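Protein chains: 2
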Amino acid sequence: MQFSSKLLEDAVNEMAQLPGIGKRTALRLVLHLLRQPEQQTIGLAQSLSKVRAEINFCQSCYNISDKKVCEICSNPNRIGELICVVEDIRDVMAIENTSTFKGLYHVLGGKISPIDGIGPQDLKIQSLVNKVKSGEVKELIFAMSPTMEGDTTNFYIFRQIQDYDVAVSTIARGVAAGNELEYTDEITLGRSIQDRIPFETSLKS
Amino acid sequence: MQFSSKLLEDAVNEMAQLPGIGKRTALRLVLHLLRQPEQQTIGLAQSLSKVRAEINFCQSCYNISDKKVCEICSNPNRIGELICVVEDIRDVMAIENTSTFKGLYHVLGGKISPIDGIGPQDLKIQSLVNKVKSGEVKELIFAMSPTMEGDTTNFYIFRQIQDYDVAVSTIARGVAAGNELEYTDEITLGRSIQDRIPFETSLKS
Chain A
1 MQFSSKLLED AVNEMAQLPG IGKRTALRLV LHLLRQPEQQ TIGLAQSLSK
51 VRAEINFCQS CYNISDKKVC EICSNPNRIG ELICVVEDIR DVMAIENTST
101 FKGLYHVLGG KISPIDGIGP QDLKIQSLVN KVKSGEVKEL IFAMSPTMEG
151 DTTNFYIFRQ IQDYDVAVST IARGVAAGNE LEYTDEITLG RSIQDRIPFE
201 TSLKS
Chain B
1 MQFSSKLLED AVNEMAQLPG IGKRTALRLV LHLLRQPEQQ TIGLAQSLSK
51 VRAEINFCQS CYNISDKKVC EICSNPNRIG ELICVVEDIR DVMAIENTST
101 FKGLYHVLGG KISPIDGIGP QDLKIQSLVN KVKSGEVKEL IFAMSPTMEG
151 DTTNFYIFRQ IQDYDVAVST IARGVAAGNE LEYTDEITLG RSIQDRIPFE
201 TSLKS
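These protein sequence lines map, in sequence, to chains A and B.
Going by UniProt numbering, the first residue of the first sequence is number 1, and it counts up by one from there.
Going by UniProt numbering, the first residue of the second sequence is number 1, and it counts up by one from there.
None of these hints come from the bench; they were simulated from the model.
On a predicted model such as this, the values are computed, not experimentally measured, just so you know.
Glycine included, each C-beta is placed from N, C-alpha and C at the ideal position.
Certain hints may be false.
Residues from chain B shown here face chain A by an in silico Cβ test under 10 angstroms; the list is partial [unchecked claim]:
1. 2
2. 7
3. 15
4. 21
5. 30
6. 35
7. 66
8. 68
9. 71
10. 77
11. 79
12. 96
13. 115
14. 117
15. 120
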């Protein structure tokens, strides 16, 4: 791509480093900003710099937070003995949106994935194990994505804590709401039959 | 979407103002930046601010340029009497990539589109007409996209300059290289038969 301006080229190259944004899209975005009031670009640049410089992670659960301890961890109405283990802060947001979970979270910051060079030491696993060892946790809920990496991560953590007095559960896997049964893959469908629940229980949710 | 951090929310909202980027994608992009070295975010923010603040348009053809007159317009080897009229600077880049055009450009900055509230006065049409009136132009090539708005813009400009001594042409429309004939729409196919060229001429390109 030949640029008529070095400034434009620099901006496009920086923008194209974002995941899923190629050079053509980057050019479209930068040209869009050039057509908008200058204040929009300044606002974008400032808020990105600010979030990167001042970002803070909750020292207990590693969720993104503006305070040292996040609002969930510091909320006295939440059940501190129940911890939901998630991969990413987006998963915290997704579960919070359901308004069904009243415990705390522990954000691992990824999942074990040897192919991407991510091992247990790159994740916040040790601090989770320490929480369990200290005896303050009664139940862990694994809420990783149902992929090979997610299962590996779950199993790795389970091995570290299985000798301690803590209940370990994993979120239910089954047919998603609104899905057609005939298009559900066989692993999911098989599991949903194996892990069937009493009909009366299902009426309550 | 519930955010655990105001800084994060601000950055996501700013990012989501870009065209084609929704809140979820914006969150993914911002979280990606947070995982990268701080220098990447600083580089992105600075280059965006810089291009927006210092951007300059060629005073002759309105292409983006770091100088007052762009490199194409100031190149003595280009044919100043031949002007290709395009909608956007991306079109200049696309045509330059073909290395077939040796004239100059005139970037209108859009096309006449009443539905979007864009009239002739919002585009760089008057300065193009002035160039023609001054007698310095021998041929204009319309290279707008073949849409209703593009055709309208072409026709509007043509009406302004038809009394002056200037040749006006438009880029050829026809079946694109590599396209299957049976999937070509009937307007394009009809035009390609109507505007057929001698076979010997086609061998030269």
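Hints versus structure:
About 6 angstroms separates the beta-carbon of residue 2/B from the nearest beta-carbon of chain A, less than 10 angstroms, and the hint is met. Checking residue 7/B against chain A: minimum C-beta separation of about 4 angstroms stays under 10 angstroms; hint holds. About 7 angstroms separates the beta-carbon of residue 15/B from the nearest beta-carbon of chain A, less than 10 angstroms, and the hint is met. Interface restraint check: residue 21/B against chain A, minimum CB-CB distance 8 angstroms, threshold 10 angstroms, status holds.
Interface restraint check for residue 30/B: the shortest CB-CB distance to chain A comes to about 7 angstroms, inside 10 angstroms, so the restraint holds. For the restraint placing residue 35/B at the interface with chain A, the shortest Cβ-Cβ distance is roughly 9 angstroms, inside the 10 angstroms limit, so the hint holds. A least Cβ separation of about 5 angstroms between residue 66/B and chain A falls short of the 10 angstroms threshold, and the interface hint therefore holds. The beta carbon of residue 68/B comes no nearer than 12 angstroms to any beta carbon in chain A, farther than 10 angstroms, and the hint placing it at the interface is violated.
Restraint check, residue 71/B versus chain A: the minimum CB separation of about 7 angstroms is within 10 angstroms; hint holds. For residue 77/B, the shortest C-beta to C-beta distance to chain A is roughly 16 angstroms, which exceeds 10 angstroms, and the interface hint is violated. For the restraint placing residue 79/B at the interface with chain A, the shortest Cβ-Cβ distance is roughly 18 angstroms, beyond the 10 angstroms limit, so the hint is violated. Checking residue 96/B against chain A by beta carbon gives a least distance of about 6 angstroms; that is within 10 angstroms, so the hint holds.
Hint status for residue 115/B: violated, given a least beta-carbon distance of 18 angstroms to chain A, over 10 angstroms. With a least beta-carbon distance of about 14 angstroms to chain A, the hint placing residue 117/B at the interface is violated under the 10 angstroms criterion. Nearest Cβ of chain A to the Cβ of residue 120/B: about 18 angstroms, over the 10 angstroms cut. The hint is violated.
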